[in-house]
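Visitor: So you can see what is in the structure, the chains are spelled out below.
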Amino acid sequence: MDTVLSLPPFQIRVRSPLKSVAEHLEFFYPDSAKSHPSETFVDFDVQVLPGQGLRRWWHPQARFLLDGVESFFPLPLAQAAPMLEWGLNWCVASRPLGYLVMHAGMVSRGTGALMMPGVPGAGKSTLTAALCLLDGWHLLSDELAILNPATGLMQPHPRPISLKNASIDLVQDWPGAQMGRVYHDTRKGSLSHAAVPAVARAQQPASVQWVIFPRFEAGAAPQCEEISRVEAFTLISEQSFNRERMGETGFDALCTLLTGARCYQLVYGSTADALAQVRAITGA
Amino acid sequence: MSYQRLSLAPARKLKFSPAWPCSDARIVFDCLSGDYWVLTQLGAFVLGQVSTSPDFIVDQIRQQVPASLQDDTFAVTFEQTLQQLSDAGLVQGVAPLSG
Chain A
534 MDTVLSLPPF QIRVRSPLKS VAEHLEFFYP DSAKSHPSET FVDFDVQVLP GQGLRRWWHP
594 QARFLLDGVE SFFPLPLAQA APMLEWGLNW CVASRPLGYL VMHAGMVSRG TGALMMPGVP
654 GAGKSTLTAA LCLLDGWHLL SDELAILNPA TGLMQPHPRP ISLKNASIDL VQDWPGAQMG
714 RVYHDTRKGS LSHAAVPAVA RAQQPASVQW VIFPRFEAGA APQCEEISRV EAFTLISEQS
774 FNRERMGETG FDALCTLLTG ARCYQLVYGS TADALAQVRA ITGA
Chain B
385 MSYQRLSLAP ARKLKFSPAW PCSDARIVFD CLSGDYWVLT QLGAFVLGQV STSPDFIVDQ
445 IRQQVPASLQ DDTFAVTFEQ TLQQLSDAGL VQGVAPLSG
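So the protein sequences, as listed, match chains A and B.
The first sequence lines up with residues 534 to 817 when you count with this note's numbering.
The second sequence lines up with residues 385 to 483 when you count with this note's numbering.
Hints are supplied without guarantee of correctness; some may be wrong.
[What the hints assert, rightly or not] Stretches of chain A that chain B covers, calculated by requiring three or more beta carbons in the stretch to come under 8 Å of a beta carbon on chain B:
{"#": "1", "segment": "571-580"}
{"#": "2", "segment": "761-772"}
{"#": "3", "segment": "788-798"}
[Claimed, not checked] Partial selection, computed: residues in chain B whose CB lies under 8 Å from chain A:
{"#": "4", "residue": "401"}
{"#": "5", "residue": "406"}
{"#": "6", "residue": "441"}
These are computed hints drawn from the structure, not numbers from a lab.
Note that CB positions come from ideal geometry on N, CA and C, so glycine has one too.
Next comes chain B alone, as it looks inside the complex (with noise of 0.2 Å):
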C-alpha cells in the first residue's frame, strides 16, 4: 500500500471488542453493516489510531506501534497489515494534495 496517509473507509462505524486476556486477536464489529472482522492486535491498533482522525499519516502509525507488537519481521508486517485493512474495505488511502 503506497499511500502515506490513510482514513477510514467511508461508511463504517467500528466498534472493538474488549482487549480480552489469553487473546492475540480482537473483534471489530461494523455498527452500520453488521459485518465483524477479526484483527491481529497490530491490525487492531492501526484500526484504532485510523479511527480517532480524519486521516492519519502512515509513518505516525508505524511509530506508534507499541514494542511488544513489533518483532524482526515488523516491517513486512506492518505493510500487510495495512493492505488486509483496505483489502477488507476497512480502511483506504488517502491521495497527497497536489500543486
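Extracted from the complex, chain A is given alone in its bound form (with noise of 0.2 Å):
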C-alpha cells in the first residue's frame, strides 16, 4: 500500500505492506481523499514496516519510520495499527509547520469550540466521545489541539479516537460509536480507536470560547471552578509540544485564545456528571 491520505491541514503519505495497516485505513480513513503520492506535495512521509532479523521469524515487529528515519523502538506486530495512529501524533507534534500544538480534545459547535487540555488518563478523549456521540458537538481532534497563529482558529483534525481500558467498553455502546479492534497489552493497556459518524466530524475551523482541564477520578463528586487566564496559561504550556520553538507567534496565538476564552477546571466521576456540567458551562 502506497497512498497519500488528506488529513487536514496535513498531507500524509502511508506507506506499509501490513494488512491490518491497510484495513485501519480502509476502516477509519474512508472519506480521506487519497491520492497517488507522485501527484501530490506531502507533509509527513510516514512508513509502517514489519521487523528485520532474525526476531521476525519468533517475534514479530513493526518499525515506524518518518522520513526513512526509525525513531522509536518496534513493537508487537498485531500492534502495527495503533503504532501508525501514534506515529502520526508524534509527527504532527514534532513537526510545528506553523501550528501550535498542543495535547487537547478539540470538539466545535457551529464556529465555537470547546477545548479540554489535560494529562494522559484525565479522560479527555472518553469525555470527547461523550459529547460527540451523545451532545451533538463536531469533532475537531481527541488529541491534538492545532491552533493556526494567522487565523486564531483551532484545525479539524478529526482521526479515530483513542480509547483505553474501561472507556472502550462504555463507548462502544454510545449510538453511532464506529468501533475498531481490541489491542491488548499495549504500553497504554488494552487499546481501541473509535470513529464518529461523519456528520459529528467538523469540517471548518473554530474559535475557542471555553477552556475546560477536565480530570476524571472514579466516583467523584463534580466540581466545577472558573480559573484565571493566567493560570490556564500555565497549564495549557505544560501540555503544549511546541510552544518554546514557537517563540512569540506561540505566545501571541496562545494569549489571544485565552482572552477570547473562559477558562475552568472540572473533576468528575461519571460521564452523564461531566456532560451535565458542559452543559452549565457552555449553555448547550
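Assemble the dimeric complex from its two separately framed chains, guided by the hints.
Guide: Structure below.
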C-alpha cells in the first residue's frame, strides 16, 4: 500500500506492506481523499514496516519510520495500526509547520470550540467521545489541538478517538460509535479506536470559547471552578508540544486564544456528570 | 537589592500577556529563550518600567507605582519584588559610576 491521506491541515504519505495497516486505513479513513504520491506534496512521509533480522521469525515486530528514519523502538506486529496512529500524533506534535500544537481534546459547535487540555488519563478522549456521540458536538480532535496563529482558529483534525481500558466498553455502547478492534497488552493497556459518524466530524475551523481542564476521579462528586487565564496559560503550556519553539508567535497566539475564552477546572466521577457540567458552562 | 539603578538583564526580549480581568498576575515571556514567568502586578509594573529604558533609577520606579498596588507592606514588598526579578535573571543592578 502506498497512498496519500488528506488529513487537513496535513497531507500524509503512508506506505506499508502490512494488511492490518491497510484495513485500519480503510475502516477509519474511508472519506480521506487519497491520491497517488506522485501527484501531491506531502507534509509527512511515513512507513510502517515489518521487523528485520531473525526476530521476525519468532517475535514479529512493526517499525515506524518518518522520512526513512526510525525514531522509535519496534512494537509487536499485532500493534502495527496503533503504532501508525501514535506515529502520526508524534509527526504532528514534533513538526511545528507554523501551528501551535497542544495536547487536548477539541470539539466545536458552530464556530465556537471547546478545548480540553489534560495529562494522559485525565479522561479527555472519553469526554470528547461523549460530547460528539451523545451531545451533538463536532469532533476537531481527541488528542491534538492545532492552532493556526495567523487566524487564531483551531484546525479540524478529526481522526479516530483513542480509547483505553474501561473506556472501550463504555463508548462502544453509545449510538453511532464505530469501534475498531481491541489491542491488548499495549504500553497503555488495552486500546481501541472509535470513529464518530461523518456528520459529527468538524469541517470548519473554530475559535475557542471555552477551555476546560477535565480530571476523571472514579466516584467523585462533580466540582467545577472557573480559573484565571494566567493559571490556564501555565496549565496549557505544560500540554503544549512546541510553544517554546514557536517563540513570540506561539505566545501571542496562546494569549489571543485565552483572551477570547473562559477557563474552568472540572473534576467528575461519571460521564453524565461531566456532560451536565459542560452543558452548564457552554449553555448547550 | 542595594543597587540604585536597574536595567533589563542582557539577552532578554520580553513580552507581556494582556492585563486579563479578574487576574492579579501577568505572564511575561522571553522571546529569545522561550521561557516565561508569572509575575504579580507589582512585578509586572516594575519590569515594564525597566523595559522602557536602558537603565532606571530605583527610586523613580518606586514613586511611579500606582496607589492601587501599594499597601501597608509596600516598602518590603517592593524590595522583595526587585530581588525576585533579579533572582529570575530578568533585571540586573547597574553599579553607580565612581570618581
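Visitor: Hints first: check each against the structure and report whether it holds.
Guide: To see whether the hints hold, each was checked on the structure:
1. Counting residues of the segment 571-580 of chain A whose beta carbon lies closer than 8 Å to any beta carbon of chain B gives 0, which falls below the threshold of three, so the coverage claim is violated.
2. Counting residues of the segment 761-772 of chain A whose C-beta lies closer than 8 Å to any C-beta of chain B gives 6; at least three are required, and the coverage claim holds.
3. Proximity of the segment 788-798 of chain A to chain B, defined as three or more residues with a beta carbon under 8 Å from a beta carbon of that chain, is established by the 3 residues found.
4. The interface hint given for residue 401 of chain B is met, as the beta carbon of that residue sits about 5 Å from the closest beta carbon of chain A, less than 8 Å.
5. The beta carbon of residue 406 of chain B is positioned within 8 Å of a beta carbon in chain A (closest approach about 6 Å), and the interface hint is therefore held.
6. A hinted interface residue such as residue 441 of chain B counts as satisfied when its beta carbon comes closer than 8 Å to some beta carbon of chain A; here the least separation is about 29 Å, so the hint is violated.
In summary, the numbered hints that this structure violates are 1 and 6.
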